[in-house]
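*Asks:* Chain by chain, the residues run as shown.
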Amino acid sequence: MTAQATPLLRIDNLSIPLPAGLDRAFAVDNISFDLNAGEILCIVGESGSGKSLTANAIMGLLPDYLTPTNGEILFRGKNLLAMREPELETERGRTMAMVFQEPLSALNPLMKVGDQIAEVLQVHGEKSADARNRRVLDLLEFVGLPDPANLRGAYPFRLSGGQRQRVMIAMALALEPALLIADEPTTALDVTTQAQILELIRKIQQAKGMGVMFVTHDFGVVADIADRVVVMERGLIVEQGPADAVLNRPQHPYTRRLIAAVPHRDAADAKAEVDGEMLLEVKGLRKVYSSGGGLFSKPRIVKAVNDISFTLRRGETLGVVGESGSGKSTLGRCLLKLTEIDGGEILFRGSDLVPLSASAFRPLRRHIQMVFQDPFASLNPRQTVGRILTDGPVANGVPYAEAEAKARELLDLVGLEVSAFDRYPQEFSGGQRQRVGIARALALEPELLVADESVSALDVSVQAQVLDLLQDLQNKLNIAIIFITHDLRIAAQICDRIAVMYRGEIVEYGPPEQVFDAPRHAYTQALIAAIPGSHWNPRLAVL
Amino acid sequence: MKTLDFLFQRLLKAILVVLGVVILNFMLIHMAPGDPASVLAGEAGAGDAKYIAQLRAQFGLDQPLYWQLWTYLQGVLTGDLGFSYRNQVPVMTLILERLPATLLLTGCAFVFSLVLGIALGVIAAYKRGSIADSLVMTSALVFYATPLFWIALMAVLVFSLHLDWLPPFDMESIGTGYTGWARAADIAHHLVLPTVTLGLFFTAVYTRLTRASMLEVMALDFVKTARAKGVPKAQVIRRHVLRNAILPVFTFASMQAGQLVGGAVLTETVFAWPGIGRLMFDALLQRDYPVLLGVFLVTAAVVVIVNLIADLMYRFVDPRIEAAN
Numbered sequence: 001m002t003a004q005a006t007p008l009l010r011i012d013n014l015s016i017p018l019p020a021g022l023d024r025a026f027a028v029d030n031i032s033f034d035l036n037a038g039e040i041l042c043i044v045g046e047s048g049s050g051k052s053l054t055a056n057a058i059m060g061l062l063p064d065y066l067t068p069t070n071g072e073i074l075f076r077g078k079n080l081l082a083m084r085e086p087e088l089e090t091e092r093g094r095t096m097a098m099v100f101q102e103p104l105s106a107l108n109p110l111m112k113v114g115d116q117i118a119e120v121l122q123v124h125g126e127k128s129a130d131a132r133n134r135r136v137l138d139l140l141e142f143v144g145l146p147d148p149a150n151l152r153g154a155y156p157f158r159l160s161g162g163q164r165q166r167v168m169i170a171m172a173l174a175l176e177p178a179l180l181i182a183d184e185p186t187t188a189l190d191v192t193t194q195a196q197i198l199e200l201i202r203k204i205q206q207a208k209g210m211g212v213m214f215v216t217h218d219f220g221v222v223a224d225i226a227d228r229v230v231v232m233e234r235g236l237i238v239e240q241g242p243a244d245a246v247l248n249r250p251q252h253p254y255t256r257r258l259i260a261a262v263p264h265r266d267a268a269d270a271k272a273e274v275d276g277e278m279l280l281e282v283k284g285l286r287k288v289y290s291s292g293g294g295l296f297s298k299p300r301i302v303k304a305v306n307d308i309s310f311t312l313r314r315g316e317t318l319g320v321v322g323e324s325g326s327g328k329s330t331l332g333r334c335l336l337k338l339t340e341i342d343g344g345e346i347l348f349r350g351s352d353l354v355p356l357s358a359s360a361f362r363p364l365r366r367h368i369q370m371v372f373q374d375p376f377a378s379l380n381p382r383q384t385v386g387r388i389l390t391d392g393p394v395a396n397g398v399p400y401a402e403a404e405a406k407a408r409e410l411l412d413l414v415g416l417e418v419s420a421f422d423r424y425p426q427e428f429s430g431g432q433r434q435r436v437g438i439a440r441a442l443a444l445e446p447e448l449l450v451a452d453e454s455v456s457a458l459d460v461s462v463q464a465q466v467l468d469l470l471q472d473l474q475n476k477l478n479i480a481i482i483f484i485t486h487d488l489r490i491a492a493q494i495c496d497r498i499a500v501m502y503r504g505e506i507v508e509y510g511p512p513e514q515v516f517d518a519p520r521h522a523y524t525q526a527l528i529a530a531i532p533g534s535h536w537n538p539r540l541a542v543l
Numbered sequence: 001m002k003t004l005d006f007l008f009q010r011l012l013k014a015i016l017v018v019l020g021v022v023i024l025n026f027m028l029i030h031m032a033p034g035d036p037a038s039v040l041a042g043e044a045g046a047g048d049a050k051y052i053a054q055l056r057a058q059f060g061l062d063q064p065l066y067w068q069l070w071t072y073l074q075g076v077l078t079g080d081l082g083f084s085y086r087n088q089v090p091v092m093t094l095i096l097e098r099l100p101a102t103l104l105l106t107g108c109a110f111v112f113s114l115v116l117g118i119a120l121g122v123i124a125a126y127k128r129g130s131i132a133d134s135l136v137m138t139s140a141l142v143f144y145a146t147p148l149f150w151i152a153l154m155a156v157l158v159f160s161l162h163l164d165w166l167p168p169f170d171m172e173s174i175g176t177g178y179t180g181w182a183r184a185a186d187i188a189h190h191l192v193l194p195t196v197t198l199g200l201f202f203t204a205v206y207t208r209l210t211r212a213s214m215l216e217v218m219a220l221d222f223v224k225t226a227r228a229k230g231v232p233k234a235q236v237i238r239r240h241v242l243r244n245a246i247l248p249v250f251t252f253a254s255m256q257a258g259q260l261v262g263g264a265v266l267t268e269t270v271f272a273w274p275g276i277g278r279l280m281f282d283a284l285l286q287r288d289y290p291v292l293l294g295v296f297l298v299t300a301a302v303v304v305i306v307n308l309i310a311d312l313m314y315r316f317v318d319p320r321i322e323a324a325n
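Just so you know, the protein sequences line up as chains A and B, in that order.
1 is the number of the first residue of the first sequence in my numbering; add one for each residue after it.
1 is the number of the first residue of the second sequence in my numbering; add one for each residue after it.
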């Protein structure tokens, strides 16, 4: 860190009160930190820590019901909080710019991307359309988008997530701002795309000497790009300092807890071979989606699952890893027969599920259960937890009293209060809801659990707890788990074997140590190289 | 799906729908009790069976139903919608005579409600929670809930009878012999009450729709992106919010546009407007089958055509549509 008289950005005792009746009085409470020109400052914290609010407060983009009551935000010596809206508008987009989390929704769907970039130039006084067009082309090229001349005339929906985020970055860079605020800019992206975007941000930051404030929940990302780190918990800054110090010698218990929860494969703990009875054999499974097509056009055909084979024993966890569109979720849906299957066999306890009709499969359904990704959307908000847990067994002929007793047992097993039985899902946090989701799946005493991105919506500390719970349950109940995830680190931590999927096919299959240490397929190699913070071992930091 | 594919499929469907409507209407009308021959005969004061049978033979009503339908369909295909028993004129002539008056009224009401509705909706959303917002939304609710004929009668009572500002009925002042601009002004004067009456309901719908849609869009991420770029608020509303918020309004407007011909029966009747609606109403009372069928056919065809145009336009208004198909 270079010592400077006036930092680029100084947050001084900033407080933003929350409306009455929420779980705490302040969204952010008396926080102070500096950001110097030419450095990347990472703000790390879990959901609700106030990190995004701080970013929005700097840009003057807080919602109406949130107004800072205390402190100053000094940008190049001027207090942004004292500025009126028209004055702020001349700063936004010109001297300070922001990139948001969701590239899918952050661009106007009805405006061509070139026009959206040109708008920044236009509102800040570039009158010549020619000059704007030239700059747009330069910018698109600079952020590494292919064929800028064509791409600027495209609507956002034509672009992939990574491409849209590049457009957002181009927009933010248009007037070479001194301060770039990036609010979880890679969270919604695939890991290989994330690596590219991080690389791009670092490159730009070095080329232009900008100060970058990077908001993230991912310590891997922090390890990759941060010069300095601020750790926030529930509106307070609990620790800040140079990246090396915070990552490798964390002082505050909260930081230590967060770092301990970062998923990581320990090279030492090679998993013992599982020698349970064979439960599932999948042979040559195929699923094809076709869409569109008519008298004058051909249908589009996507081989979502293409000739996939694997086996699974009782007590074993298979990780299915892949990026969006790799077919991993379709594979999960096939196993539960939630979608038509176009070919192959699914031998469950030796008999093929594929030819079974819906009614013939129904009695078997309870043996294969799913834990979904989104703990908020996958539980019916109008049913009590008790109803959610007993519905399945009762439908399968279990007397209600027995189902209820079992449900209370399950709540205890997944680490919830037994009193949760009479409450509604919305009374619980995301992690607790995912526990309910797991209990719901277990209520039918399945032999196979398919967990589709079941922890990716959770904060890292909660994620670690749920992963522990799943492993614990597997040891107790000897169930087989298929764990579908985009996060290789998690798969490596908990799976006995890993299948890497790419464009509908399994390109790599084996125990974690083999997949990680000797990946054979180029895609696996790229995937592993893209894991953020791979040079950093969080386990050593919190010994 | 390519636009060509889309157009072809939709045209085919459109033709089938219109054909279906024609057949269904034909059957329904003939199932209703009473026929034009007995009504005509009754009015002529002649109840005797021989006269009625003669009338029936003259109009072809003594033929089997399927044969009548077949003859009618053949006529429709050649642009002949039949002959009005009552008026002794070809149906097509009658409809073409009345169509301009109806289109003038419904078209004005359409533009009036769309422009006013969107403007009020934008204001209400922009000033959300203000007195202006409450005022706009309360009046929208009132006009949304009040029956059209009651509004029409009250409007006549207040603005024509009490205040004597506006003419209560008809399209032009009779016997003035106005021409050119004077005639246009006279028609415009007559247009005000029926237009506003017919348009108020839709104005209320557009106001509510625009406001809700605006508020929804204002909360979306890209609006924040626009503000983060330093775009002034008015421009954010105009260029980013309104453009996206207008899509559901557009959908509803295409439904109203479908009613351009058939949607003004009540208004035309109350204000004695010489349009299709009144033609239909009179034909109904007089059991003038060919006129009724002709009006239904034209109405249905307009609905189908407007829907087709709206769907095609949607592909331009929202570039995502074509990709989604």
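Please keep in mind that the hints were generated in silico from the structure rather than gathered at the bench.
Backbone N, C-alpha and C fix where the C-beta goes; we use that ideal spot for every residue, glycine too.
Be a bit skeptical, because a hint or two may be false.
Said to hold, decoys possible - Listed next, the stretches of chain A that the computed footprint assigns to chain B, with coverage defined by at least 3 CB atoms under 8 Å from CB atoms of chain B:
| id | region |
| --- | --- |
| 1 | 120 to 130 |
| 2 | 325 to 336 |
Said to hold, decoys possible - The following label-pair restraints were derived from C-beta to C-beta distances:
| id | chain 1 | residue 1 | chain 2 | residue 2 | range |
| --- | --- | --- | --- | --- | --- |
| 3 | B | L312 | A | R134 | 17 to 27 Å |
| 4 | A | L62 | B | V158 | 42 to 52 Å |
| 5 | B | R10 | A | N133 | 18 to 28 Å |
| 6 | B | R128 | A | L22 | 35 to 45 Å |
| 7 | B | T3 | A | E141 | 47 to 57 Å |
| 8 | A | E281 | B | M313 | 32 to 42 Å |
| 9 | B | T3 | A | D307 | 48 to 58 Å |
| 10 | B | R128 | A | G284 | 54 to 64 Å |
| 11 | A | E141 | B | K13 | 55 to 65 Å |
| 12 | A | G325 | B | P232 | 36 to 46 Å |
| 13 | B | G129 | A | G325 | 52 to 62 Å |
| 14 | A | N133 | B | T3 | 27 to 37 Å |
*Asks:* Hint by hint, say whether it matches the structure.
*Replies:* Here is how each hint holds up against the structure:
1. Given as covered by chain B, the region 120 to 130 of chain A passes the check, having 3 residues with a CB less than 8 Å from a CB of that chain where 3 are the minimum.
2. Only residues whose beta carbon comes within less than 8 Å of a beta carbon in chain B count, and the region 325 to 336 of chain A has 0; fewer than three means the coverage is violated.
3. Judged by the Cβ atoms, the range 17 to 27 Å given for L312 (chain B) and R134 (chain A) is violated: they are separated by roughly 36 Å.
4. Separation of L62 (chain A) from V158 (chain B) is about 49 Å and conforms to the stated range, judged on CB atoms against 42 to 52 Å.
5. As the Cβ distance of R10 (chain B) to N133 (chain A) is approximately 37 Å, the hint placing it in 18 to 28 Å is violated.
6. At about 22 Å, the beta-carbon gap between R128 (chain B) and L22 (chain A) misses the expected band of 35 to 45 Å.
7. With their beta carbons about 32 Å apart, T3 (chain B) and E141 (chain A) fall outside the hinted range of 47 to 57 Å.
8. At roughly 54 Å, the beta-carbon separation of E281 (chain A) and M313 (chain B) lies outside the given 32 to 42 Å, and the hint is violated.
9. The hinted range of 48 to 58 Å is not satisfied by T3 (chain B) and D307 (chain A), whose Cβ atoms lie roughly 36 Å apart.
10. Checked against the hint of 54 to 64 Å, the C-beta distance between R128 (chain B) and G284 (chain A) comes to roughly 58 Å, which is consistent with it.
11. For the hinted restraint 55 to 65 Å between E141 (chain A) and K13 (chain B), the CB-CB distance of approximately 46 Å leaves it violated.
12. Checked against the hint of 36 to 46 Å, the pair G325 (chain A) and P232 (chain B) passes, with Cβ atoms roughly 39 Å apart.
13. A C-beta distance of roughly 43 Å is found between G129 (chain B) and G325 (chain A), which places it outside the suggested range of 52 to 62 Å.
14. Range check, N133 (chain A) to T3 (chain B): about 28 Å between beta-carbon atoms, so the 27 to 37 Å window is met.
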